[in-house]
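First residue of the sequence shown: 1, per my numbering; consecutive thereafter.
Don't read these hints as lab results, they were simulated from the structure.
Taking lysine to aspartate or glutamate pairs in the DMTMM-like style, the calculated list, with each CA pair at most 20 Å apart, reads: (1) K4 to D77; (2) K121 to E150; (3) K119 to D156; (4) K130 to E120; (5) K67 to E22; (6) K26 to E50; (7) K121 to D145; (8) K121 to D140; (9) K119 to D155; (10) K6 to D77; (11) K123 to E144; (12) K159 to D140; (13) K123 to D145; (14) K148 to E167; (15) K119 to E150; (16) K132 to D166; (17) K191 to D166; (18) K119 to E144; (19) K80 to E5; (20) K159 to E113; (21) K55 to E22; (22) K83 to E5; (23) K130 to E144; (24) K119 to D176; (25) K68 to E22; (26) K132 to D145; (27) K4 to E50; (28) K6 to E85; (29) K123 to D166; (30) K4 to E25; (31) K55 to E5; (32) K132 to E150; (33) K123 to E150.
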Amino acid sequence: MSVKEKLMCIGFSEIEALIYIELLEKQGQNGTQLSKAMNQPRSTVYMGLESLLKKNIIYLIPTQTDKKNYNPIYPQDLVKRLKREYSYILETIGQDLDKMYNKEKYERVFNIEGLENIKEKIKDMVMEAKNKVVISGYTDIYFEDTSKIEHINTDDTEKLICIVDDEIALIANINDVYANAVYTRNSLIVKGIKC
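Using the sequences plus the hints, can you model the full thing?
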């Protein structure tokens, strides 16, 4: 992933990313110089500059003339600011989303088709586990951390049951032709599953 793509992943528009990178490489440029260096329309560059100024990612250099020259903020200052902002967002978003979700809808039973989709869902479930994961049957799934996982009935290669913290369950049929599963957080169903 390029630096431009990384900046875009954290909220920069493409033109903002290009301007910031250009100013890092050659500080003190004005809008016209940036437009030429980046081969971008001046109007687009000036809009990007205004946006970056509002976000305090670049700043104006005081000059004796009417020209507006710009410098970027120091990259480590940008990274520290983003860490603070994203840290706050990540600390609070879970609580905000919990207040919004409809529990009845969330506890429905969902169908999952395809072996790779089933494997990815189980990996997500294992990552979410607080205490324990019981996996019965099919075992051809790679996990980075196996400390919470208990494998049972490993001889059954066509059936798979995964139960996480006695709260989440996935039941699958897997063979050479197809793989399908059901996934739920419905407590009545989860408690009724026996491995």
